[in-house]
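Number of protein chains: 4
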Amino acid sequence: MIEIELDKLHEECGVVAVFGHSEAAKLCYLGLHALQHRGQESAGIAASDGHRLNCYKAMGLVADIFSGTTLQKLPGTHAIGHTRYSTAGDSALLNAQPIQVDCNKGQIAIAHNGNLVNAAELRKKFELAGSIFQTSSDTEIVLHLIAQSRETTLADAMADALRRIVGAFSFVLATYDHIFAARDPRGFRPLAMGRIPGKDGAADAIVFASETCAFDLVGAEYIRDVKPGELIVVGADGIQSHFYAPALEQSQCIFEQVYFARPDSLVFGGSVQAAREQMGRQLAREAPVEADLVVGVPDSGLTAALGYASESGIPLQFGLVRNHYVGRTFIEPEQRVRDFGVKLKLNPVRHLLKGKRVILIDDSIVRGTTSQKIVRLVRDAGATEVHMRISCPPTTSPCYYGVDTPERRHLIAAQKTVDEVREFIGADSLSYLSLEGLRLSCGEPKGESHYCTSCYTGHYPTGYVDLHQVRPVEVVSK
Amino acid sequence: MIEIELDKLHEECGVVAVFGHSEAAKLCYLGLHALQHRGQESAGIAASDGHRLNCYKAMGLVADIFSGTTLQKLPGTHAIGHTRYSTAGDSALLNAQPIQVDCNKGQIAIAHNGNLVNAAELRKKFELAGSIFQTSSDTEIVLHLIAQSRETTLADAMADALRRIVGAFSFVLATYDHIFAARDPRGFRPLAMGRIPGKDGAADAIVFASETCAFDLVGAEYIRDVKPGELIVVGADGIQSHFYAPALEQSQCIFEQVYFARPDSLVFGGSVQAAREQMGRQLAREAPVEADLVVGVPDSGLTAALGYASESGIPLQFGLVRNHYVGRTFIEPEQRVRDFGVKLKLNPVRHLLKGKRVILIDDSIVRGTTSQKIVRLVRDAGATEVHMRISCPPTTSPCYYGVDTPERRHLIAAQKTVDEVREFIGADSLSYLSLEGLRLSCGEPKGESHYCTSCYTGHYPTGYVDLHQVRPVEVVSK
Amino acid sequence: MIEIELDKLHEECGVVAVFGHSEAAKLCYLGLHALQHRGQESAGIAASDGHRLNCYKAMGLVADIFSGTTLQKLPGTHAIGHTRYSTAGDSALLNAQPIQVDCNKGQIAIAHNGNLVNAAELRKKFELAGSIFQTSSDTEIVLHLIAQSRETTLADAMADALRRIVGAFSFVLATYDHIFAARDPRGFRPLAMGRIPGKDGAADAIVFASETCAFDLVGAEYIRDVKPGELIVVGADGIQSHFYAPALEQSQCIFEQVYFARPDSLVFGGSVQAAREQMGRQLAREAPVEADLVVGVPDSGLTAALGYASESGIPLQFGLVRNHYVGRTFIEPEQRVRDFGVKLKLNPVRHLLKGKRVILIDDSIVRGTTSQKIVRLVRDAGATEVHMRISCPPTTSPCYYGVDTPERRHLIAAQKTVDEVREFIGADSLSYLSLEGLRLSCGEPKGESHYCTSCYTGHYPTGYVDLHQVRPVEVVSK
Amino acid sequence: MIEIELDKLHEECGVVAVFGHSEAAKLCYLGLHALQHRGQESAGIAASDGHRLNCYKAMGLVADIFSGTTLQKLPGTHAIGHTRYSTAGDSALLNAQPIQVDCNKGQIAIAHNGNLVNAAELRKKFELAGSIFQTSSDTEIVLHLIAQSRETTLADAMADALRRIVGAFSFVLATYDHIFAARDPRGFRPLAMGRIPGKDGAADAIVFASETCAFDLVGAEYIRDVKPGELIVVGADGIQSHFYAPALEQSQCIFEQVYFARPDSLVFGGSVQAAREQMGRQLAREAPVEADLVVGVPDSGLTAALGYASESGIPLQFGLVRNHYVGRTFIEPEQRVRDFGVKLKLNPVRHLLKGKRVILIDDSIVRGTTSQKIVRLVRDAGATEVHMRISCPPTTSPCYYGVDTPERRHLIAAQKTVDEVREFIGADSLSYLSLEGLRLSCGEPKGESHYCTSCYTGHYPTGYVDLHQVRPVEVVSK
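Protein chains in written order, with numbering that gives the first Met the number 0: chain L, 0 to 477; chain F, 0 to 477; chain Z, 0 to 477; chain S, 0 to 477.
One chain only, chain L, in its complex shape:
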């Protein structure tokens, strides 16, 4: 059996929240379904029945976890949900979210997208003071902070807690009567607010989600983003906005635009699809090459390929076909078929590629192994030249803000020059989009900087990365 994983970076989470709707848990479920690409390992929903929270979470895909029966056990008009990706090492149900606790502020459920960089330090401090930790998740720390805050209202205690943590976070929380949504002061991760118009004069339902594609499925309209440093409280008494901290220099994750987010989403207020087409166009301007065809690596490279083709005038072709029936593992023949893993997912269209000079467009090269195989597939299908174009700069540094990146030594662009990478993957030429070009494509005026680009630059906006993270509790449950 082989693991069929293309060489991509993985998002760590998607969050969703609904307030004021008779089918709150069901809408969370649909929202999570739309956010499934942000995490396929586990999912969960916590819903308030008006008195207490009920929570259900399990390993697997959203549609497999939640059935009609399960959702019936989550009654109530407000709920939060979470979907999670995680590395094998701590793939624990106990780390699945929402995490729900009882404490002196009452019952609280929390769901988190992002990563705290002062988690280990805080955890150590709490342990010394006598606290116990049941998960290896940094999210648990936030609950301790809320519980131990001396503030007397929950909103104040949350603000207090949020001020003590450093890093990337978009949170949704639920209590028996409110939901809360908050973003870190740098705004690393997206979090959008929307509205489902009430029927027959009823009040609107308020929804939050990592991406607006979740709104489309539940019939919600986008209102605005939760702002960096903002804590929004939604209850029967209305919606209140608090700024628990001044916004710092904005550090929106640019890789959301490049790869993570669904193309039909708005993130950070802008269209992902439009940004990707611009990346392709800009790439055509920065790195033109004479060729017969432009081929995007499906699915994520297709839009940039369209942009490149439009800008360059070289025809776009669907020269690689993706097989959507492939799961995570597969039985491989013992007489190895070359590039078998990639072949299961992608098949070249021989007829199109034969005898052609091909420009391949992809969104990133992480370890380089998949790119090498794709280039080989395309050549084996008869292409005479293969020119690889990547719609972002070389990935040279790990992310500490919620993206699962390999260590630096596994990032091929951290270890090799562009030409060495080109040689490794076997392409005739290789170009990356410039950082400047990427920012421009994302609509950022020259000189301005609203994006975190640390994976390309190694410049970390928090100026602080907690490198000796405590080893997590190894708890496995199914």
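It should be emphasised that the hints constitute simulated quantities derived from the structure, not laboratory data. Heads up, some of the hints might be wrong.
To be verified - In silico lysine-lysine, BS3-like type, Cα no more than 25 Å apart, as pairs:
| hint | chain 1 | residue 1 | chain 2 | residue 2 |
| --- | --- | --- | --- | --- |
| 1 | L | Lys342 | L | Lys355 |
| 2 | L | Lys124 | S | Lys123 |
| 3 | S | Lys7 | S | Lys344 |
| 4 | S | Lys342 | S | Lys7 |
| 5 | S | Lys344 | Z | Lys7 |
| 6 | Z | Lys344 | S | Lys344 |
| 7 | F | Lys124 | Z | Lys123 |
| 8 | F | Lys7 | F | Lys415 |
| 9 | L | Lys344 | L | Lys355 |
| 10 | S | Lys198 | Z | Lys342 |
| 11 | F | Lys123 | Z | Lys124 |
| 12 | L | Lys342 | F | Lys198 |
| 13 | S | Lys124 | L | Lys123 |
| 14 | S | Lys342 | S | Lys353 |
| 15 | F | Lys353 | L | Lys344 |
| 16 | F | Lys355 | F | Lys344 |
| 17 | F | Lys124 | L | Lys344 |
As the list claims (entries may be wrong) - The calculated label-pair distances, taken between Cβ atoms and stated as ranges, are:
| hint | chain 1 | residue 1 | chain 2 | residue 2 | range |
| --- | --- | --- | --- | --- | --- |
| 18 | F | Pro74 | L | Asp48 | 53 to 63 Å |
| 19 | Z | Ala201 | S | Gly67 | 51 to 61 Å |
| 20 | S | Gly49 | Z | Arg337 | 44 to 54 Å |
| 21 | Z | Gln71 | F | Arg407 | 52 to 62 Å |
| 22 | F | Gln239 | Z | Pro405 | 28 to 38 Å |
| 23 | F | Arg407 | Z | Ser21 | 49 to 59 Å |
| 24 | F | Pro74 | S | Lys353 | 53 to 63 Å |
| 25 | L | Glu333 | S | Gln239 | 47 to 57 Å |
| 26 | S | Asp159 | L | Glu447 | 57 to 67 Å |
| 27 | S | Arg223 | L | Glu333 | 30 to 40 Å |
Glycine included, every Cβ here is placed at the ideal spot set by N, Cα and C.
Let chain L serve as the given structure and place chains F, Z and S on it in line with the hints.
Chains F, Z and S in isolation, oriented as in the chain L frame:
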């Protein structure tokens, strides 16, 4: 819960066979995986251990049915495989294939893609003569014919049997020492022959598959198609070709080109992807319209959209995004979200569509219900005009040759004029590709006719359709 | 992992039928549940909706196979059911029963308890004549015989078929409007008829089952046994009894009394529990020994132990406790625990056994391996003497009438003298009940012979055993 | 579907621990298997690999939860395990045990059998001080107490924690290098210590288990019980015994003897089987009645029935047969079969009971509903008189020490006189064993009192029961 089925016709089967390879069953498994789009209901493999056949079949997807353990129970160097789509009514494991029996010709396993039109008549005759039938499949009849043939060799008995059946069939069969591949004299369904080069001077392995995309995954080269009326016998003594019947007027299923086959396959010796691009181009010539964007309905409409855009000069955009995590059923909110089922699969990219005149390209309209929803989605996303273009003629007649079509009264184009269909789906304009144009796109010189187009014309090549089919044995097993 | 199988013979099947009840399939399900001990490998039910039969069968236990949903797909007022034990070699779903076919006599479903001894001969004849076989079950032959009979009514065709087969059989069959029940002329296997009184003046429902414990669960009263050579037809027109063949010398399986049947059943019209107590009493008279305790090997040895204790005046004790949570396989420590497999199922009560002379009562010794371990367990728990008493004669010959026995060379009593067996199992003494004594215990007057005792005597009532059975079709499906 | 639950009280847990064995987790698994009767809802094991603890827990039966693969993920030479029964309301995986945390004392896993009566009070105190609670289990409190203890060694911190809790508890704990076993000062719940002799001069492995039947399966010898108020620490440095508190008046749960414990176990140092036989004998002396048969209600009433029969001289008969294939739920016919639920589990042997005066022996009557049905079954089978004898006093008060009892208003003996209960269940006579007689049967000399009998007397040894328990966190996960 709602069933999430887009309004498409369904292929009924894919077949594969391997001879002369130490991992025959595993290669069948991979081949079936590549043919998964031809049938998602059940799959099976029968392999010869040199003395006897062992068969394993089950309901579900290929990758879920076969594990390493299961494949170990299918040792041997030749094997056949089958994947099946079927309507709910007779979704029985007992109807899953291969069907394997003992008879006076020894042990035989058979896998079938197609449909016999004289099945009911033959079955009745056999029943009167004292035969028993355990499945509702027409394939079982072929086994009775083989067993009762007076010919003394198996190849002769098969030829005898094949001459007695009428309709569409691409068969692969296995005995303890041979595999057989046959196509009906009109060549309705595809069946390709390929070769896996032997390593270190070993003999080549011979493979057969419904489509060549199966060859790509197992590292096989395409040799040629099995010819209409041909029976190929592969054994330790080599490959023999028999023409059990003269080829009749060729009636290749044109809908394989339009929708069924994978774009990376060759079927009937030609590239599917190329044909689809031509359909789009031809459609642009036949049915031009002033607009801002061309948007293909994913995934099957994308290639024709590319052709339409190229030919018309109107920019292609990925204005509809497909969610690939969707399974067959889903929990729907009680407060109905309009067009919910389609929304789960397709989401419009609002930013691209807003204020635009959009040409939507799809490959077919069956009942019209899905098209209506898609048009509405695109309009709700802000499109000012929606022009639907279909890359084949109106589907007006059911297929009796192996495609699962609804009855005529459910085919919208059989009940309404094109303009009425346009009105029903809510488009500003609607055009279908002409039959002439479709043939041309499939590379057919004017005036010639190698394709069955009965679903567009109601002209059935067999001149004979057995309409009062016996009601099948309703056997359900899991 | 180890297989946890005590050394017992296995029954091959249980059958049940219901006519004239609005919940026919549900009652079959309950009846099969009561007969679960007769077969744990697969189960199935075929029910008539008044026009057609619907059948559902699967691998596993009755309660796992049938859910409310499944039973809803089996509407109608008459149904038959089957539960099956089988050896690993041909544990195929395709061999599961009922087998249901279409033929010139209409649609027929059949369920069979027993074994035909002229199956291979008949199968060969049919194959030569051009029939195909899809299972390796001898039951399929009966369907061919029915289909090919020249009789014009189904009852006559069945009678015709039943006259052509030799061996042990209790059949139930269903067509769209009747059920049928038949027993072979020697009456090897039990088959009882009962009645569920109709409510509010409605007609009684008629039921058939291998054992009367099935009647108790569905609220039916025992009427009588189906007689050897009898074919009972139940329809809207009432109940008809046919004697398709004269009854031959009766050959009721005596091992039903010794071990197979549930103690709360009547089989062959007599109480199983009563017979077993008599076996114990008779054993005490035939093979007395001075001792402190009588301990039955649970669960099947308990009743004979009670009889032995009563007759001998030696106190009964529950000195071995059975763990009812044990499944079929189990993970074993690498540092082997002695007699681990038996220990998982049976634990000695040390306190009772310590320093005591123990008489162990069991119902049979097949290979001797389990008995050896049990004796050792009891000794290790401190017993000073262990005297084994078996409530039937030595098992020396395989059964050809529906019981799954090992080959003669694995039957310890066929290979060793009683004293050698005693030595092998490590007992201080060993005695078996005499054949005379066993018959007496089953209520048979001296000199009469209504029982088949071939497993003790090697005398086969059919005078004919088809030893070169055809190798079955190896079909595996899940 | 109906729930098939006989009317019994349920134990809440079994615990096991192993130190110094190369297959520690596997032995825990076997031990839990032997303790399966103490809890069928969830199970878990935490094992130390020498550096860290790894924990695996899930819902279900031990044999279903743990596979070879799972146990491989739990390497190391010491481990603890837990199996749990729980009421539906808080049947959460998050409440499954062991609970494992990180804290200032390092990593700790804990498994608990019993119930704390000051849990709510302590929890409230902790919450006020800023602690968070993730489960609704009282066990979590112990971990907070350990973490917040000012003692500097873990053993001292544990002793400190144990002194602060009140109630019933038998704990096993594990850290990376030690295991710990402790019992409350009153000794409510059993906890035995044993030894597996080391092979080839290796050191012995030390094991702990709720009952000694767990020792039998892993090949361990019983050493002694952990004493009330004792904390035993086992490490590479040997075994140390601490008395963290003076033993109080002993309050061993007498219901362990009556019903909970397996008959082949020693609990509180005595044989369960022997005690139960004495209960039956004593009952015969206290409540004789003229009758023809003594019938025990299987399985738990059988031993007392044996004692009653021996003492009274009235013959024992197995007049009720238990069906061991019954799961928890079952499909019931709509035309209700009377007493269906009980019939699925128990079937009367008509032949034995017909025309007889029957003494039924059972171990308890909780709500009375099952007893009513059993009496009716026996009567329907033809018994002329039914005399019910119960091998303990009337259950009149709920247990607060780890047994899941219904509220007082559902305990029939708390609401009705003995004669009213007799009338309710429909017996001709009804007698309970006296408390005196029960104590005597358990080997307690007159006047002494080592047992808790609060379920019969309402006298609670802790003199303190926390009635307004906090409502637990409703967390559901699978």
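*Do F/Pro74 and L/Asp48 keep their Cβ atoms within the hinted range of 53 to 63 Å?*
57 Å, holds
*Taking the beta carbons of F/Gln239 and Z/Pro405, is their distance inside 28 to 38 Å?*
Because 47 Å falls outside the window, the suggested range is violated.
*Restraint check for S/Lys124 with L/Lys123, where alpha carbons must lie at most 25 Å apart*: Holds, at about 23 Å.
*Return holds or violated for the Cβ distance of S/Arg223 and L/Glu333 against the range 30 to 40 Å.*
56 Å, violated
*Are the Cα atoms of S/Lys342 and S/Lys7 separated by 25 Å or less?*
16 Å, holds
*Indicate whether the distance between the beta carbons of F/Pro74 and S/Lys353 respects the range 53 to 63 Å.*
59 Å, holds
*asked:* Check whether the Cα positions of F/Lys124 and Z/Lys123 lie no farther apart than 25 Å.
replied: Given pair F/Lys124, Z/Lys123 holds - Cα atoms ~23 Å apart, limit 25 Å.
*Range hint compliance [Cβ, Z/Ala201 to S/Gly67, 51 to 61 Å]*: 55 Å, holds
*25 Å limit on alpha-carbon distance, applied to hinted pair F/Lys353 and L/Lys344*: With a Cα-Cα distance of about 33 Å, the restraint between F/Lys353 and L/Lys344 is violated, given a limit of 25 Å.
_25 Å limit on alpha-carbon distance, applied to hinted pair F/Lys7 and F/Lys415_ = 18 Å, holds
*Straight-line alpha-carbon gap S/Lys344 to Z/Lys7, limit 25 Å*: 23 Å, holds
*Taking 44 to 54 Å as the hint, is the beta-carbon distance of S/Gly49 and Z/Arg337 inside that range?*
29 Å, violated
Hints 15, 17, 20, 21, 22, 23 and 27, counting from the list given before, are not met by this structure.
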